[in-house]
Amino acid sequence: MSLLVIDWFLLIEKLVLIAIIVFASLGIALYTTFAERKVAAVLQDRPGPNRAGPFGLLQPFADGLKLIMKEEIIPNTSNKVLFVLGPILAMTAALMTCAVIPWSSHVELFGRNIELQVADINIGILYIFGVVSLGVYGIMIGGWASNNKFSLMAALRGASQAISYELAMGLSLIAVLMISGSLSLRTIVEQQMTQGGMWNVVYQPLGFLIFFICAMAECNRTPFDLPEAENELNFGYHQEYSSMKLGFYLFAEYVNMIMSSAVMACIFFGGYDIPFLDESTLAPNLAALLGVLALLVKIVIFIFIFMWIRWTIPRFRYDQLMNLGWKTLIPLALLNMLATGAVILWRQG
Amino acid sequence: MDALTNRAQAVGRKPLSLWERLYLPAIFKGMAITFSHIFRKQPTIRYPEQKRPFSPVFRGLHVLNRDEEGRERCTACGLCAVACPAEAITMEAAERLPEEKGLYREEKYAAKYEINMLRCIFCGLCEEACPKDAIYLSETFAPSNFNRQGFIYGKDDLLIPNPKTDPEGYEKAKGRKEPTTAG
Numbered sequence: 001m002s003l004l005v006i007d008w009f010l011l012i013e014k015l016v017l018i019a020i021i022v023f024a025s026l027g028i029a030l031y032t033t034f035a036e037r038k039v040a041a042v043l044q045d046r047p048g049p050n051r052a053g054p055f056g057l058l059q060p061f062a063d064g065l066k067l068i069m070k071e072e073i074i075p076n077t078s079n080k081v082l083f084v085l086g087p088i089l090a091m092t093a094a095l096m097t098c099a100v101i102p103w104s105s106h107v108e109l110f111g112r113n114i115e116l117q118v119a120d121i122n123i124g125i126l127y128i129f130g131v132v133s134l135g136v137y138g139i140m141i142g143g144w145a146s147n148n149k150f151s152l153m154a155a156l157r158g159a160s161q162a163i164s165y166e167l168a169m170g171l172s173l174i175a176v177l178m179i180s181g182s183l184s185l186r187t188i189v190e191q192q193m194t195q196g197g198m199w200n201v202v203y204q205p206l207g208f209l210i211f212f213i214c215a216m217a218e219c220n221r222t223p224f225d226l227p228e229a230e231n232e233l234n235f236g237y238h239q240e241y242s243s244m245k246l247g248f249y250l251f252a253e254y255v256n257m258i259m260s261s262a263v264m265a266c267i268f269f270g271g272y273d274i275p276f277l278d279e280s281t282l283a284p285n286l287a288a289l290l291g292v293l294a295l296l297v298k299i300v301i302f303i304f305i306f307m308w309i310r311w312t313i314p315r316f317r318y319d320q321l322m323n324l325g326w327k328t329l330i331p332l333a334l335l336n337m338l339a340t341g342a343v344i345l346w347r348q349g
Numbered sequence: 001m002d003a004l005t006n007r008a009q010a011v012g013r014k015p016l017s018l019w020e021r022l023y024l025p026a027i028f029k030g031m032a033i034t035f036s037h038i039f040r041k042q043p044t045i046r047y048p049e050q051k052r053p054f055s056p057v058f059r060g061l062h063v064l065n066r067d068e069e070g071r072e073r074c075t076a077c078g079l080c081a082v083a084c085p086a087e088a089i090t091m092e093a094a095e096r097l098p099e100e101k102g103l104y105r106e107e108k109y110a111a112k113y114e115i116n117m118l119r120c121i122f123c124g125l126c127e128e129a130c131p132k133d134a135i136y137l138s139e140t141f142a143p144s145n146f147n148r149q150g151f152i153y154g155k156d157d158l159l160i161p162n163p164k165t166d167p168e169g170y171e172k173a174k175g176r177k178e179p180t181t182a183g
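First to last, the protein sequences are chains A and B. Going by the numbering used here, the first residue of the first sequence is number 1, and it counts up by one from there. Going by the numbering used here, the first residue of the second sequence is number 1, and it counts up by one from there.
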């Protein structure tokens, strides 16, 4: 079937893949909200939500239903278009990242070789950085359109924080790129999978640490959740939001968390690589399935660490946040980059 | 000035050392502490399934008592209403008819007996004031309700089951012991 010289099967295949990935991400995000409450509870010697369904497993649906049923309020003095656009942008930007993440190798289905990645573009990491910077528009527009002092302050904080930490994040990645020599996420993962190849975290422990801290700041997670600092800004940039628009903002945070966990797993922890196992000895479909599972396990571990940190560390003060970003992380990332470059040059002789 | 206790500690104001400024050692220490809490025993009592044991002197919902033959003990003397500091008790007295001998112990009885559980402070003074041992406080508390009217308990809510016709219910109300499941 080739009409208009387009491979229609490819189109269908990609559409199905996109649908699966988007719904899976949303489903995981749904249960991440539940996991957050459960993790918080067990870390504080509480049982956590356990009333809705067995072990409280239906709690996220109850929460979602509650948010949808709430009255929707759009403030009179707000900029109506931008007010509605804010949560849409936040959610879209959060979901767009999943386009370049390689979920696993490839499956052979109906005689076709299907790559489990929506788009294997050769500038995958650049794309992620572009989309992540878009995410800040959701916060900015939402906070500005609400026409509320606190929201505006929170939006300003969010924007300056995201911009500051993006720098250190990018610099810490450059060292990885120098090792791999490619911006494509699939290539980076496959390099870590080769026999004798180590995960990038072994070569770049400092780079990973910086990236992890910056990812936390980008996701607005504690200890960097200044845009929603309840004690100073009431509720932060989404103060005027209600109903599912608020839900979208809260949800986007969890989708962001999943996506940054996936990116970290791919760049530093071998993506869909199963440690101490040579995947090429397995049947390709089985290897792909196990690969997806391996990536999911890594994502879950990262999400747990995110939550674990949230329920341990208090929030940074704003000047401390900026000090850490500009005076510590960026110089460290630069040093890391120079050291990596020097070692690569030295090994080339 | 002398310190009141010997536990006072001077607060150090010296700048953080390099090790402290790294933050990470302290953060890992904190994370180890929170992680260890995963394995702690939770003190939570899962209420509707698990119940705490009541103290033997617990004062809960009121019960209007009957004697061994199932006759109501209350004579509507009004002493409980007088003793009540919250003025939660109201009653109306009536005279016993000859054919009602099996129902009421004395010649006078309470035709209406109401306790407003929203006013009641569960002090137990009614129990102490009663000369006929007709009212006492049990080991249950008033269940929630959607309207205030539901908290005004009448005689049908307060009377203990008749030991003649419903000995099981009577013993249950009398024994005051609900099995406690909390550890």
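By construction, these hints were calculated from the structure, which means they are not laboratory data. Quick caveat, the model's predicted, so the values are computed rather than measured. The reader is advised that the hints may include incorrect statements.
[What the hints assert, rightly or not] Pairs of lysine-lysine, DSS-like flavour, derived with a Cα cap of 25 angstroms:
#: 1; chain 1: A; residue 1: Lys-80; chain 2: A; residue 2: Lys-38
#: 2; chain 1: A; residue 1: Lys-38; chain 2: B; residue 2: Lys-14
#: 3; chain 1: B; residue 1: Lys-112; chain 2: B; residue 2: Lys-155
#: 4; chain 1: B; residue 1: Lys-29; chain 2: B; residue 2: Lys-41
#: 5; chain 1: A; residue 1: Lys-14; chain 2: A; residue 2: Lys-38
#: 6; chain 1: A; residue 1: Lys-70; chain 2: A; residue 2: Lys-80
#: 7; chain 1: B; residue 1: Lys-41; chain 2: A; residue 2: Lys-38
#: 8; chain 1: B; residue 1: Lys-101; chain 2: B; residue 2: Lys-164
#: 9; chain 1: B; residue 1: Lys-51; chain 2: A; residue 2: Lys-327
#: 10; chain 1: B; residue 1: Lys-51; chain 2: B; residue 2: Lys-29
#: 11; chain 1: B; residue 1: Lys-41; chain 2: B; residue 2: Lys-108
#: 12; chain 1: A; residue 1: Lys-38; chain 2: B; residue 2: Lys-155
Here is what the structure says about each hint:
1. Under the criterion of a C-alpha separation no larger than 25 angstroms, the hint pairing Lys-80/A with Lys-38/A is inconsistent with the structure, at around 36 angstroms.
2. A C-alpha spacing of about 40 angstroms is found between Lys-38/A and Lys-14/B, which places the hinted pair above 25 angstroms, so the restraint is violated.
3. Distance hint between Lys-112/B and Lys-155/B is fulfilled; the C-alpha atoms sit about 7 angstroms from each other, no more than 25 angstroms.
4. Of the pairs offered as hints, the one joining Lys-29/B and Lys-41/B holds, with about 21 angstroms between alpha carbons and a cut-off of 25 angstroms not exceeded.
5. Pair hint Lys-14/A plus Lys-38/A does not hold up; C-alpha atoms about 35 angstroms apart against a cutoff of 25 angstroms.
6. Restraint check: the Cα-Cα separation between Lys-70/A and Lys-80/A comes to about 19 angstroms, which is no more than 25 angstroms; the hinted pair holds.
7. Distance restraint check for Lys-41/B and Lys-38/A: the Cα-Cα separation of roughly 15 angstroms lies within the 25 angstroms cut-off, and the hinted pair is therefore satisfied.
8. Taking the CA atoms of Lys-101/B and Lys-164/B, the gap is about 15 angstroms. The hint holds against a cut of 25 angstroms.
9. Only pairs whose Cα atoms come within 25 angstroms are accepted, and Lys-51/B paired with Lys-327/A is rejected, the gap being roughly 56 angstroms.
10. Proposed proximity of Lys-51/B and Lys-29/B is contradicted: the alpha carbons are some 37 angstroms apart, above 25 angstroms.
11. Restraint check for Lys-41/B and Lys-108/B: not satisfied, since their Cα atoms lie roughly 57 angstroms apart, outside the 25 angstroms limit.
12. Of the pairs offered as hints, the one joining Lys-38/A and Lys-155/B is violated, with about 46 angstroms between alpha carbons and a cut-off of 25 angstroms exceeded.
Hints 1, 2, 5, 9, 10, 11 and 12, counting from the list given before, are not met by this structure.
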